[in-house]
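Once you've looked at the hints, dock chain B against the given chain A.
Note that the protein sequences, when read in sequence, are chains A and B. Per the numbering used here, the very first residue in the first sequence carries number 1; after that it's consecutive. Per the numbering used here, the very first residue in the second sequence carries number 1; after that it's consecutive.
Calculated directly from the structure, the hints in this document are not laboratory data. Treat each hint with caution, since some may be false.
[What the hints assert, rightly or not] Within a straight-line C-alpha distance of at most 30 Å, the following computed DSBU-like cross-link-like pairs (lysine-lysine) qualify: (1) B:Lys44 x A:Lys153; (2) B:Lys40 x A:Lys89; (3) B:Lys75 x A:Lys263; (4) B:Lys34 x A:Lys153.
Since the structure is predicted, the reported quantities are computational estimates derived from the model, not experimental observations.
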Amino acid sequence: MKLVVLICVISLPLRVAVSDDTKDGIEEYRELIADGNPAELWELTGEEIWRTSAGPNDVSLETCDLGEGRGVVEGVYVRLPRYFEDANKVMDLEQRLIHCRMTIQGLSWEQATAHPFGDSTQSSDIEALVAYIAGQSRGRTIEVSLNHPDEKKAYELGRQFFYFRAGAHDFGCVTCHSGDGMRIRLQELPNFDDERQAQRIYGTWPAYRVSQGEVRTMQHRLYDCLRQMRFPEAIYGTDLITAITMYLAKKAEGGTFDAPAMKR
Amino acid sequence: MKTLFPLGLGCSLLLLVQSTLASDLNDEFNQLLKSSLRSKGPVKIERVLRQDEVQELCSDPDQMISTDLATQVIKQQLETVEYPEDGHFLGDWRQGEKIAQSGKGLRFNDKADVPSGGNCYACHQITADELSYGTIGPSLLGYGKMRGYSDEVLRYTWGKIYNPQGYGLCSNMPRYGHQGILTQEQIKDVMGLLLDPDSPVNQ
Numbered sequence: 001m002k003l004v005v006l007i008c009v010i011s012l013p014l015r016v017a018v019s020d021d022t023k024d025g026i027e028e029y030r031e032l033i034a035d036g037n038p039a040e041l042w043e044l045t046g047e048e049i050w051r052t053s054a055g056p057n058d059v060s061l062e063t064c065d066l067g068e069g070r071g072v073v074e075g076v077y078v079r080l081p082r083y084f085e086d087a088n089k090v091m092d093l094e095q096r097l098i099h100c101r102m103t104i105q106g107l108s109w110e111q112a113t114a115h116p117f118g119d120s121t122q123s124s125d126i127e128a129l130v131a132y133i134a135g136q137s138r139g140r141t142i143e144v145s146l147n148h149p150d151e152k153k154a155y156e157l158g159r160q161f162f163y164f165r166a167g168a169h170d171f172g173c174v175t176c177h178s179g180d181g182m183r184i185r186l187q188e189l190p191n192f193d194d195e196r197q198a199q200r201i202y203g204t205w206p207a208y209r210v211s212q213g214e215v216r217t218m219q220h221r222l223y224d225c226l227r228q229m230r231f232p233e234a235i236y237g238t239d240l241i242t243a244i245t246m247y248l249a250k251k252a253e254g255g256t257f258d259a260p261a262m263k264r
Numbered sequence: 001m002k003t004l005f006p007l008g009l010g011c012s013l014l015l016l017v018q019s020t021l022a023s024d025l026n027d028e029f030n031q032l033l034k035s036s037l038r039s040k041g042p043v044k045i046e047r048v049l050r051q052d053e054v055q056e057l058c059s060d061p062d063q064m065i066s067t068d069l070a071t072q073v074i075k076q077q078l079e080t081v082e083y084p085e086d087g088h089f090l091g092d093w094r095q096g097e098k099i100a101q102s103g104k105g106l107r108f109n110d111k112a113d114v115p116s117g118g119n120c121y122a123c124h125q126i127t128a129d130e131l132s133y134g135t136i137g138p139s140l141l142g143y144g145k146m147r148g149y150s151d152e153v154l155r156y157t158w159g160k161i162y163n164p165q166g167y168g169l170c171s172n173m174p175r176y177g178h179q180g181i182l183t184q185e186q187i188k189d190v191m192g193l194l195l196d197p198d199s200p201v202n203q
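Chain A extracted, bound-state conformation (with noise of 0.2 Å):
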């Protein structure tokens, strides 16, 4: 017995030190990589598809305007979602994508957001593109505007979101990522009433996914957030996913924008 007390003893503040080192492993293991994230497979691609002629009108989306002006790419995504006056809507990058594809290149609302997350059968185009363009705000300073009041309403329809707790559980985001230290199983939460950790989450997605094999969206992330929180499943390219990324950029507001990343 006296053996087992003894263990327990030791183990408890190891196991503490285990967790600190496998946090410290994981961090280098990161650095390591990070030249040779697989996500830049992606940005290629996605820069090929945002360069190359597709749809019933066969033209490229080098013209489709991301809201710093036709055709550039560089610095958008750190200011998405924002309101966008020939579509008279807030609009988060892949809304956005889906009004291009539809506008420029012709594309039917169906098959501009067909098959919009990759799999084994079928990588997508979108999240290729999203790799792309996201890359283009590598090092740069995340700022939305609230200025317009479609943007406001966009925020304030997201926070209400954030703190809404309904189905069969309860849940809501804020079930999970409002305090410190938070984790799900060995999967740490980050807490968004927290500016640094809002930064540091919000500015690392997209991401490479290693246990999907895929590069995923902040659609994505959301829509299997609320898969796991027992909600309805999220139709791809509605306000409501745009609305929360649009509370959740702002609580990131300030922060240097360092994706697509890699994450577990």
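Showing chain B alone in chain A's frame:
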């Protein structure tokens, strides 16, 4: 409504204006949910559109809930707890461990006939052997050994699993019994995991 009368007309008007503004935003919010979410598998959109009183109160970002109201709602929630009909609280801790490990059930990609897990390890440390545990809830290691196995502890623990909102408003923990996530038999098994002296939790 009775409590409103002593507040006088001015206050009532103010409350009316406030609730009108709130309901405008709520209409827009509900529209947003309706246009962006769709029922799939076991998850119906109506369920999230129709919050119950606890969900509605606990969705307020500022958590402006008066002590009187909180006390009243906690009491109501505690009254929802249905204790085991046969008077037996403890099931099989081995089954309880499986339920605690499983995060399956009630997600839109789950089949309707798949029994739900409790996913207890997502938030709690429970047995010493399972190192992959979350920290949203407190550690439950040594739960029974620490508290003893009295009827009072059994009743408290059952109620807390069945409806945690009856013990403290806006708890993060799901209402496993009240919301029908786990069956009575499953709750008994989880109770066994926590309160059977032979369970690894209590070694």
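| message | Need the list of violated hint numbers for this structure, in ascending order. | response | 3
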